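From just these sequences and the hints, can you work out the full model?
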Amino acid sequence: MSRGLVSLSRAMTLGFIRDRMALFFTILFPLMFLVLFGGLLKDPGTSRSDIVEIGSVAVFDQMPAEAKAQLDQVLKIDKSGDRDTSLEKVRKGDYAAAVEQQGSTVIMHYSATDQVKSGIVRGVLGSIVQDANLVSAGVTVPAYRLDAQQVEDDSLKTIQFITPGILGWAIAVGATFGAALTLVTWRQKKILRRLRLSPVRTPTLIGARVGVSIGVALLQMAIFIGIASLPYFGLKLSDNWWMAIPLIVAATLAFMSIGLLAGSFAKTPEAASAIANLVVLPMAFLSGSFFPLDNAPSWVKTVSQALPLKHLNDAMLDVMVRGQGPGSALPAIGLLVGFALVVGTIAAFLFRWDDV
Amino acid sequence: MTLTIAVHGLHKSYGDVHAVNGASFEVQQGEFFGILGPNGAGKTTTLEILEGLRQADSGEVTVLGVPPWPRNPALLPRIGVQLQATSFFERLTAREQINTFASLYGVGPRRADEMLELVGLSDKADTRTEKLSGGQAQRLSIACALVHGPDLVFLDEPTSGLDPQARRNLWDLLRDINGQGHTVVLTTHYLDEAEILCDRVAIMDHGKILELGPPATLVRRLDAPTRISVESGLISLDDARALVDGATVDGAVADGTDGVEVVDDGVSLTIATRTPAPVLAALADRNAMRGLSVRGATLEDVFLNLTGREFRE
Ligand SMILES: Nc1ncnc2c1ncn2[C@@H]1O[C@H](COP(=O)(O)OP(=O)(O)O)[C@@H](O)[C@H]1O
Ligand SMILES: [Mg+2]
Numbered sequence: 007m008s009r010g011l012v013s014l015s016r017a018m019t020l021g022f023i024r025d026r027m028a029l030f031f032t033i034l035f036p037l038m039f040l041v042l043f044g045g046l047l048k049d050p051g052t053s054r055s056d057i058v059e060i061g062s063v064a065v066f067d068q069m070p071a072e073a074k075a076q077l078d079q080v081l082k083i084d085k086s087g088d089r090d091t092s093l094e095k096v097r098k099g100d101y102a103a104a105v106e107q108q109g110s111t112v113i114m115h116y117s118a119t120d121q122v123k124s125g126i127v128r129g130v131l132g133s134i135v136q137d138a139n140l141v142s143a144g145v146t147v148p149a150y151r152l153d154a155q156q157v158e159d160d161s162l163k164t165i166q167f168i169t170p171g172i173l174g175w176a177i178a179v180g181a182t183f184g185a186a187l188t189l190v191t192w193r194q195k196k197i198l199r200r201l202r203l204s205p206v207r208t209p210t211l212i213g214a215r216v217g218v219s220i221g222v223a224l225l226q227m228a229i230f231i232g233i234a235s236l237p238y239f240g241l242k243l244s245d246n247w248w249m250a251i252p253l254i255v256a257a258t259l260a261f262m263s264i265g266l267l268a269g270s271f272a273k274t275p276e277a278a279s280a281i282a283n284l285v286v287l288p289m290a291f292l293s294g295s296f297f298p299l300d301n302a303p304s305w306v307k308t309v310s311q312a313l314p315l316k317h318l319n320d321a322m323l324d325v326m327v328r329g330q331g332p333g334s335a336l337p338a339i340g341l342l343v344g345f346a347l348v349v350g351t352i353a354a355f356l357f358r359w360d361d362v
Numbered sequence: 008m009t010l011t012i013a014v015h016g017l018h019k020s021y022g023d024v025h026a027v028n029g030a031s032f033e034v035q036q037g038e039f040f041g042i043l044g045p046n047g048a049g050k051t052t053t054l055e056i057l058e059g060l061r062q063a064d065s066g067e068v069t070v071l072g073v074p075p076w077p078r079n080p081a082l083l084p085r086i087g088v089q090l091q092a093t094s095f096f097e098r099l100t101a102r103e104q105i106n107t108f109a110s111l112y113g114v115g116p117r118r119a120d121e122m123l124e125l126v127g128l129s130d131k132a133d134t135r136t137e138k139l140s141g142g143q144a145q146r147l148s149i150a151c152a153l154v155h156g157p158d159l160v161f162l163d164e165p166t167s168g169l170d171p172q173a174r175r176n177l178w179d180l181l182r183d184i185n186g187q188g189h190t191v192v193l194t195t196h197y198l199d200e201a202e203i204l205c206d207r208v209a210i211m212d213h214g215k216i217l218e219l220g221p222p223a224t225l226v227r228r229l230d231a232p233t234r235i236s237v238e239s240g241l242i243s244l245d246d247a248r249a250l251v252d253g254a255t256v257d258g259a260v261a262d263g264t265d266g267v268e269v270v271d272d273g274v275s276l277t278i279a280t281r282t283p284a285p286v287l288a289a290l291a292d293r294n295a296m297r298g299l300s301v302r303g304a305t306l307e308d309v310f311l312n313l314t315g316r317e318f319r320e
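The listed protein sequences correspond, in order, to chains S and G. Numbered by the working numbering, the letters in the first sequence go through residues 7 to 362 in order. Numbered by the working numbering, the letters in the second sequence go through residues 8 to 320 in order.
Since the hints were made in silico from the structure, they are not lab data. Here the structure is a predicted model, which means the values were calculated and not measured. C-beta: ideal position from N, C-alpha, C; glycine also. Honestly, I wouldn't trust all of these hints.
Stated by the list, open to error - DSS-like cross-link-like pairs, simulated, lysine-lysine; straight-line CA separation at most 30 Å:
id : chain 1 : residue 1 : chain 2 : residue 2
1  : S       : K273      : G       : K138
2  : G       : K138      : S       : K82
3  : S       : K196      : G       : K215
To be verified - Some but not every residue of chain G turned toward chain S, in silico, with C-beta under 8 Å:
id : residue
4  : W76
5  : R78
6  : P80
7  : P84
8  : S94
9  : L99
10 : E103
11 : G113
12 : R248
13 : L287
In structure tokens, the structure reads:
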């Protein structure tokens with residue numbers, strides 16, 4: 007009955023694209039978050055510290071041009087002749103530090119209010135003084151060098167982290183609500199009963215719903231990646247980003263199984279959305295969709311391991327922006343499919359054609 | 008034998024409620040069969056068992072020669088079911104709706120358009136089903152039930168909630184459908200509807216079938232008096248009684264004990280008699296026929312007679 011499959015999918019697709027609420031909550035609403043986070047937290051790389059140089063400080067002024075350029079990336083150095091005003095500005099937080107030279111001593115004035123920044127400046131100044139000492143001691147080729155390199159692509163920006171997380175959340179919303187609301191509304195409106203009276207087979211019905219949900223998820227993916235890749239946001243996908251497609255398919259199945267379970271308990275569409283909301287929103291927070299879980303308590307990290315969205319988010323991050331190989335997504339795909347099978351089986355046992 | 012439906016000793020309970028309590032009936036091919044009963048009589052339950060939506064507790068049911076339970080995909084294309092007007096896919100137009108159902112049966116869009124035409128909805132083809140009126144929605148629902156050309160059609164209270172004009176239009180449609188050779192099984196709680204549409208009607212109450220037969224036969228079998236009314240004041244009560252006595256033939260007695268009686272409620276004077284012809288002749292003689300109306304018994308009287316209570320409480 008491939009005909010039934012096509013026409014049922016068509017009916018569901020039309021029902022979805024004509025439902026403004028569904029379109030808003032599955033596409034526009036998450037997109038607003040992407041634009042907001044991606045725009046607000048744009049380009050965090052400009053964490054240069056401003057310092058003020060009082061009078062003349064030899065280690066800065068006699069620096070070779072090349073080294074000076076490197077220093078510019080970390081420190082922005084203003085010059086001032088007025089010691090008192092400069093110190094006052096450090097006190098007010100306008101500058102991370104004020105630096106002056108008295109004889110052979112480089113003095114750094116800092117405020118305790120921003121310890122991180124003053125720490126950075128102190129570290130940088132320390133190494134500059136060290137280098138100057140080596141040079142004056144006649145060491146031009148040091149025995150050891152430290153070369154620090156970032157593990158990710160140089161261009162890694164907030165948008166790189168935000169896109170997979172918010173996309174994951176959007177897909178969870180779309181698939182969970184799609185499955186739950188279709189089940190409940192169709193049961194309540196007697197459409198399931200009407201379909202049961204037609205020769206359509208149950209796998210055809212389920213196949214149509216799964217197909218439409220996967221289509222919606224891939225559409226979400228296309229829209230999100232498309233917008234995040236605009237020059238303004240600057241998302242850069244790594245080579246194996248396409249592994250996100252099988253990941254999203256597997257995750258859609260997992261989220262649909264949650265939706266079907268919610269739909270088995272709920273009698274009304276309102277109850278179904280309430281249950282789906284109660285599941286999806288906490289799951290999104292605990293899965294790091296909105297902010298990373300690096301600093302979360304360990305119990306949160308433990309709980310998050312049980313959530314399909316967490317595995318989707320991590321695996322998408324790996325293949326879409328961290329540049330990991332295609333195989334890195336396989337364990338997550340396996341987990342998601344397994345989750346879908348277990349929860350889907352429970353939902354199948356609770357399935358009812360009718361309210362009564 | 009062309010039995011379309013055969014039901015014997017059907018029982019179905021929901022907990023304590025005995026919804027169907029030993030119903031037996033048969034429906035012939037091509038028949039327009041009605042199940043008439045007040046709300047809660049067990050009509051829907053009976054229909055759902057016939058459609059294969061519910062399992063009977065006990066009893067034998069065959070539909071088109073096979074048991075409808077468990078769900079039998081070979082039987083389903085041969086039956087058409089009209090559910091409530093709301094059982095439509097959401098946010099689809101009338102045409103999309105019927106096309107979707109048609110394709111589930113492997114029926115093409117041309118036939119779907121023909122069905123829309125047949126139920127008079129061609130001009131509403133591109134209207135969302137949510138925006139159809141009650142009568143239009145019912146007609147679309149019936150079109151969806153018929154789109155695959157089933158031998159047997161089930162209609163559960165198709166006219167409830169419709170205004171009188173819409174009901175009459177639907178009656179015409181249902182008669183046409185039956186005329187084209189579809190066997191129709193309809194439930195209704197409207198006595199006039201059963202009387203006008205059905206070849207045979209089963210009167211159902213508390214899960215039991217009380218009476219079964221053509222409406223005219225059921226009414227005739229009741230042997231109820233005919234009610235003749237004229238305007239009040241044309242003749243006096245005593246005159247009317249005398250007139251009835253004088254007109255009584257074959258030894259019937261006009262003493263009210265066998266249903267013959269004379270009542271004047273101030274608006275009309277009503278004479279109930281089993282021999283209307285001589286009474287009418289006598290009234291004509293006296294030139295007392297202003298506002299004349301003659302009513303025979305109806306299914307309402309049949310129901311009253313069977314249950315001892317009015318049809319609608
Ligand atoms: N699913 C159900 N669960 C419990 N009781 C029911 C159910 N369906 C119907 N009933 C009861 O069974 C009786 C017959 O109902 P129904 O067949 O719907 O009657 P009708 O269609 O003639 O109004 C009623 O008393 C009704 O309350
Ligand atoms: Mg009913």
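### Message
Output the indices of the hints that this structure fails to meet, ascending.
### Response
Violated: hints 2, 4, 12 and 13.
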